[in-house]
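Reconstruct the complex from the two isolated chains, following the hints.
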Amino acid sequence: MDSHYEVEFPVRGDDFLAAGEASNQIKETLVMLGVPSSISRRASVITYEAEMNLVIHAGGGILRAIITPEKLTIEAIDRGPGIPDLDLAMREGFSTASDRVREMGFGAGMGLPNIKRNADSLEIDTEVGKGTTLTATVFFGR
Amino acid sequence: MNLKQIAYCIGAEILHGENLLEKVEIERAYASDLMSDVLAFASPGTLLLTGLTNVQIIRTAQMMDIPAVVFVRGKKPQEEAVALARSIGMPLLVSSKSMYETCGRLYAAGLSPCVIPCREA
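Quick mapping for you: the protein sequence lines, in order, are chains A and B.
When you number the first sequence by our numbering, it's gap-free, plus one each residue, and the end is 142.
When you number the second sequence by our numbering, it's gap-free, plus one each residue, and the end is 263.
Isolated chain B (complex conformation) (with noise of 0.2 Å):
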C-alpha cells in the first residue's frame, strides 16, 4: 500500500508531504509508545504509529529508515517535531481514531506486522 492508500484508509489528515503520498509503499506497520522498542523490533520502511507526540518520534524513525509516521488518537505532534519532519521530507499524518482502531483498519486492509524474534524467558 502507498501512503495515500493509508491515509484514506484510516481518515487520517495530513499534516505534512502531502505531494510525497503516493510515492512512499508502505509494506508493514508497527506501533508503539516505546522508542526503545521501535528501535528492537522496527524494519527498515516500516510506518509506524504512535501516541506520543514529541521530536524524538521523528528523531527515531529518521535513524530506523521508518518513511512516515501516523500519531494516533487526533494527536498533534510537537512544533519542533514538524519541523524536524519537514526538513527531512518526512510525511506526518494524524488519525482521529484510537491506536487500536487506526491498527485493526490498517491490519484488515492487508497491512503486514514487523517481525518480534523468539524470546529467550
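Next up, chain A with everything else stripped away, as it sits in the complex (with noise of 0.2 Å):
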C-alpha cells in the first residue's frame, strides 16, 4: 500500500437515486488497497451514514477518505446549515428528518450514533448557518 492514498467525491443534496455511490465507491477502493473486511465494514456505515446525512440534511457535500498504512479518516464537509445542539443530535432516536425521507426507511436518529459506535474517533466541527465538517478515524491496529 502507498503510505497515502486519498479519494473524494462530490455528493449531491436531495438526491436520493444516488446516494450511497460515493461510499460504495470508498468500499470499492478499501477492497482493493487490501483494507481487512473487519476494517471496511465499519468504514462502510461511517461512510454511508455521513453520505446520507449530507443527501437529507446538508444540500450536499464531499465525502473524502484518506488511507495510510496506520489508519483510515473519513470526512464529510458540508456548507449545510449546521447542526444548532451537537449533543442532541448524537442521542439515539433524536432525527429532524422530513416524513418524505423516514418513509425511505431513514431519519430514525440512528445516523451520528452509528458513526460513533463504528470509529475510533470522531470529529464534528459545525456552525449554524455555515456548515459541518465530520471527520471520522479507523485505526487499522486496534
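Read the hints as simulated data drawn from the structure, not as lab findings.
The structure displayed is predicted, hence computed values, not measured ones.
Note that CB positions come from ideal geometry on N, CA and C, so glycine has one too.
Some hints could be false.
Said to hold, decoys possible - Residues of chain B placed beyond 10 Å of chain A at every Cβ, according to the derived structure:
1) 161
2) 164
3) 257
Unchecked claim - Distance windows between CB atoms, simulated:
4) B/229 - A/14: 19 to 29 Å
5) B/251 - A/85: 40 to 50 Å
6) B/238 - A/33: 24 to 34 Å
7) B/258 - A/15: 41 to 51 Å
The following block contains the structure:
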C-alpha cells in the first residue's frame, strides 16, 4: 500500500437515487487496497451514514477517504445549515428528518450514533449557517 | 439454508437471481424497515427482510455485504432498486405474507437471528 491514498467524491443534496454511490466507491477502494473486511465494514457504516446526512440535511457536500498504513480517515464536509445542538443530535432516536425521508427508511436518529460506534475517534466541527465538517478515524491496529 | 430452500419455505416469488439461489448460503436473517438499524445490527452474510421498496434498500444491503433481500407483504421493489440489484448480482425475493409470518416461517425452519448487543439505558 502507498503511504497515503486519498479519494474524494462530490455528493448531491436530495439526490436519493445516487445516494450511497460515493460510499460504495470508497468501499471498493478499500477492498482494492487490501484493507481487512472487519475494518472496511466499519468504514462502510461511517461513510454511508455520513453520505446520507449530506444528502438529507446538508444540501450535499464532499465525502473523502484518506488511507495511510496506520489508519483510515473519513471526512464529510458541507456548507449546509449546521447542527444547532450537537449533544442532542448525537442521541439515539433524535432526528430532524422529514416524513419523506423517514418513509424511505432513514431519519430514525441513528446516523451519528452509528458513526460514533464504528469510529475510533470522531470530531464534528459545526456552525449554524456555515456548515459541518465530520472527521471519523479508524485505526488498523486496534 | 441456501436461498432456494428459503424461497421454498416462505413461498417466495423470485424477482431476480434464480440461477444464484442454490449458491447463496444464508446463516441468519434480520428484518427491519429502518436502514440505520440494518447498518447497526445486521452482520455480513445476513438475509434482509423488509417492507421498504426503494433503491436505498439495495444500497444498504450492498454496503453491509448482505447477499439477498426479501420484500414482504407482496410489495415489489421499485424499478431502480431491481436495476441496481441486477447490476451487482443480488437475488431479490418477494413474499406475499406479512413480515411476521415470513420471519416466523424462517425462524421455525432454523434460520438464526442477528445478535443485538446489550445496550446502555
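query = Are there hints from earlier that the structure breaks, and if so, what are their numbers?
reply = Of the numbered hints, 6 and 7 do not hold.
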